[in-house]
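Participant: Protein chains in written order, with this note's numbering: chain A, 1 to 579; chain B, 1 to 331.
Derived from the structure by calculation, the hints contain no laboratory data.
Remember, predicted model here, so these are calculated numbers, not experimental data.
All C-beta atoms, glycine included, are put in the ideal place defined by N, C-alpha and C.
Honestly, I wouldn't trust all of these hints.
[As the list claims (entries may be wrong)] Here are the computed distance ranges between Cβ atoms for each label pair:
id	chain 1	residue 1	chain 2	residue 2	range
1	A	Thr118	B	Leu282	34 to 42 Å
2	A	Thr284	B	Val281	49 to 57 Å
3	A	Thr118	B	His143	33 to 41 Å
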Amino acid sequence: MSTSSPTADKDAISAKVGARGALYQAERILRSMRAYGGVILFSSTFQPIMYILAMGLGLGALIGATDDFVEYGAESYLMYIAPAILASTVAMSAGIEFTFPVMAGFRWRREYYAAQATAITPGQIALGHIMAASVRFLVHSVIFLAVLFIFGVLSSPLAWLQLFTAVLGALAIGLPIMAYISTLREEKGHAALIQRFVIMPLFLFSGTFYPLSNLPVFMHPIGWLSPIWHTNELGRVLAFGQPTSGLMIGVHLTYLVGIVVVSYVFIRRTYIRRLGYEEWGGRTPGAKRAARKQQALETKEAAQAAWQGDAPQPTVRSGLFSNMYSGNIRAVFQRGIMAIRNSTGLIFVSGFLEPVLFLASFGLGISPMLEGGVEAADGTISYAAFIAPALLAVAAMNGAVFDSTWNVFFKLRMTKLYRTMMATSLGPLDVAVGEILLALFRGALYALGFLVILTGAGLVSPAAALLMWITALFIALGFACVGMAATSFMKRFQQMDWMMMVLIPMFLFSATLFPISVYPAGVQAVIQALPLWHGVELMRDIAFWEFSSLTLVHIGYYLVMILVGGTIATYRMKALFLR
Amino acid sequence: MSTSSALDTSAPADSSAAPAIEATDLVKQYGDFTAVNNISFSVTRGESFGLLGPNGAGKSTTMRMIAAVSSRTSGTMYVSGIDPQAEGPRVRARLGVIPQQDNLDEDLTVRENLIMYGRYFGLPRKYLLAKADELLEFAQLTHKAKARVEDLSGGMKRRLTIARALINEPEILLLDEPTTGLDPQARHVLWDRLFRLKETGTTLVLTTHHMEEAEQLCDRLIVVDHGEIMAEGSPAGLIREHSTREVLELRFGMDRNPEIAAALETELGNREGLGYSHIEVLPDRLLVYADDAEAALEAIHADGRRPMTSLIRRSSLEDVFLRLTGRTLVD
């Protein structure tokens with residue numbers, strides 16, 4: 001035991017940090033991850049189980065013939081997709097770990113600048129961040145592999161080596177993103193853009209749920225470019241000995257390692273520029289374009305005639321509910337539009353892209369594995385026609401739930417927008433209805449975009465498309481009411497994560513990608529109790545123009561959601577907006 | 001809960017003739033904790049009224065009840081003759097609220113912040129275009145009209161928050177710690193703007209633990225501690241009533257203060273003509289309250305005591321607060 005204080009020798013401190021600074025930085029990030037420890041553990045345990053049950057067994061039952069995968073060395077469809085699901089889910093979490101925490105470090109919470117003030121160097125800050133994220137990926141992979149082992153879908157003794165390929169793959173997709181995000185001065189939806197235009201397409205066209213060769217030839221390069229495809233292929237070699245030449249294994253490894261090394265060089269340079277003597281503030285992409293847009297708006301305003309007459313009076317109502325509602329929903333709606341106008345327009349417009357990509361990936365990739373198509377009431381239909389209406393329902397749910405939970409909570413707790421609104425003559429009901437209308441408006445645009453594509457591809461008739469458009473809004477309203485009611489009980493951000501966690505299993509077990517009949521009766525009952533299944537089936541009833549008494553049950557289910565959710569949300573309005 | 005308040009709205013029906021704020025036996029409890037304990041006060045129109053007290057005294061809670069965003073546990077309250085708990089939007093239409101923390105809309109530009117806020121009051125857009133420019137001028141932010149909120153300095157954000165609260169030409173302006181966190185120059189600019197508003201007849205209600213601010217801005221104030229009113233009056237009146245004309249601040253160095261204070265108390269208490277009142281012991285210094293502090297200092301020197309530093313100043317509201325509660329305002 002030393003009697004002198006550890007702070008006594010300053011040069012010794014500096015030497016020690018010089019050697020281990022990155023580890024200290026990694027420790028800090030891992031400790032802050034503990035707040036989300038429950039969510040991380042839960043997701044890495046249940047995600048694999050959910051995917052195995054839904055995709056492996058559900059979709060596997062639809063695909064049927066197992067000998068298709070013998071040529072790849074797998075005994076079943078489940079065995080074939082398992083290593084790819086491992087690689088993909090780990091890679092998806094890389095999309096989170098290298099976007100928001102980086103922005104928090106540079107800008108939102110400026111944690112990097114706290115480290116900068118110590119003996120830690122900028123390069124160590126960057127490396128520490130990557131190390132901490134790698135630990136998370138490794139934990140995720142260990143749990144995932146354990147689950148796969150229990151399900152008996154790992155036949156090769158080398159399967160455990162997937163730990164390293166999965167982490168390598170996650171870094172190969174995550175580090176280029178980190179290299180980009182770390183140059184940004186402020187995040188204005190760039191992370192969402194990356195999610196939609198980079199991660200999603202790479203995930204969906206990387207031969208995860210089917211061999212890449214199932215896709216049309218012109219789409220193969222997407223897979224070759226995607227680090228996820230290379231990781232998938234390596235994983236399949238390790239998990240069940242997929243026959244692959246040594247040259248290809250070398251190509252996969254070189255490609256992944258190459259991306260990691262090159263990205264790291266860029267990241268390190270950016271961190272040194274921003275946190276070193278140069279004090280670079282980062283770029284603001286689109287700033288000039290935004291200024292031009294602002295200028296054009298002002299010119300337009302200047303052309304309008306000036307206000308004549310006395311100062312107008314604020315809008316207030318008297319009579320019933322005048323304490324809750326002031327008759328000015330429009331202002332809340334307009335504020336949302338104004339904020340959208342100031343953000344990157346691409347984000348707003350591209351919202352419908354996700355269902356389109358899903359449709360393209362599954363429609364093109366799964367169809368070759370099905371003999372004929374999917375059995376419907378009157379004969380068989382194509383797989384694309386089977387999933388298209390369901391994907392519309394899923395998109396309506398995702399958008400409405402995100403807007404009514406995460407967005408509302410963010411404005412409530414982070415930006416305190418509702419507190420500002422409640423200082424004016426607006427009532428809580430104006431705010432709630434305005435926000436729901438805004439969510440529906442956004443959903444209506446997305447659904448319109450998707451339906452135009454479906455109609456163009458001949459998957460639905462124009463008449464059905466029109467009815468489906470209205471139905472999408474009806475489904476969205478149901479989820480928005482329930483979402484807002486649930487948000488009124490939320491207190492911390494971690495609780496919000498749990499809520500989002502409900503959505504993935506709901507999607508996987510909604511009979512979107514395969515008919516509900518593939519499941520035993522007990523599982524069917526559970527699926528039928530969940531709201532998304534009713535939305536999916538309602539959409540299919542309209543798309544196939546086959547209505548039954550069940551159609552009324554589906555409609556009734558959503559009416560109940562709207563009524564119950566709406567009533568609770570109204571009752572909890574003060575808890576929502578006046579806290 | 002005073003559910004009967006809606007019935008006995010015998011308070012003046014014509015809201016423009018009613019006092020700005022009328023609070024009687026106001027109580028606010030959060031579970032077992034009583035944030036506001038039975039306070040009554042009234043603010044007349046055009047008056048500048050202050051709530052003075054340390055953090056956690058119940059000032060902000062009282063402000064939230066006036067601003068119609070918090071319910072009261074019991075008591076009555078009328079803002080412009082209207083019960084804020086029963087008709088929130090009608091009350092808020094008459095108020096301009098300046099919260100403790102600037103909560104500007106970061107998704108909008110400076111000018112859009114003003115226009116959008118006006119839209120929340122349902123004011124026509126065409127009117128707001130001109131009004132926003134007028135307020136930008138008032139807040140000395142015209143050159144920043146197109147800037148993003150996050151690019152503004154602390155003082156600019158505060159001025160924008162104040163300008164925003166004026167968009168509906170409020171009858172009553174509620175200011176929660178208006179100048180906390182500002183540098184002295186920005187603070188004086190802000191005070192100047194508030195003076196101008198007062199001259200145009202706007203009622204100001206402000207909370208502060210900044211004494212100079214209270215003395216500068218308030219016609220009348222209440223001193224609040226632990227949710228109760230300790231004293232009420234004009235700044236000068238309160239000083240006259242609860243303190244001596246002058247104060248002598250002495251530092252004797254660490255740990256010696258209490259012992260020296262006891263000695264000084266007897267020594268000074270025996271002297272005539274100083275107008276000596278009492279001594280307060282703070283961690284870092286002694287405060288000797290005497291009408292003639294100069295003479296008191298001479299007497300101390302005459303007794304052979306040598307303080308490390310000494311300072312003579314006039315009494316302030318800080319001293320009133322110390323006298324009333326035994327605590328300093330900022331601790």
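Participant: All the hints need checking, so say for each whether the structure fits it.
Facilitator: The hints, checked one at a time:
1. As the Cβ distance of Thr118(A) to Leu282(B) is approximately 35 Å, the hint placing it in 34 to 42 Å holds.
2. A hinted range of 49 to 57 Å holds for the C-beta pair Thr284(A) and Val281(B), which are about 55 Å apart.
3. The supplied range of 33 to 41 Å is met by Thr118(A) and His143(B), whose beta-carbon atoms lie about 39 Å from each other.
The structure is consistent with each of the numbered hints, conforming to all of them.
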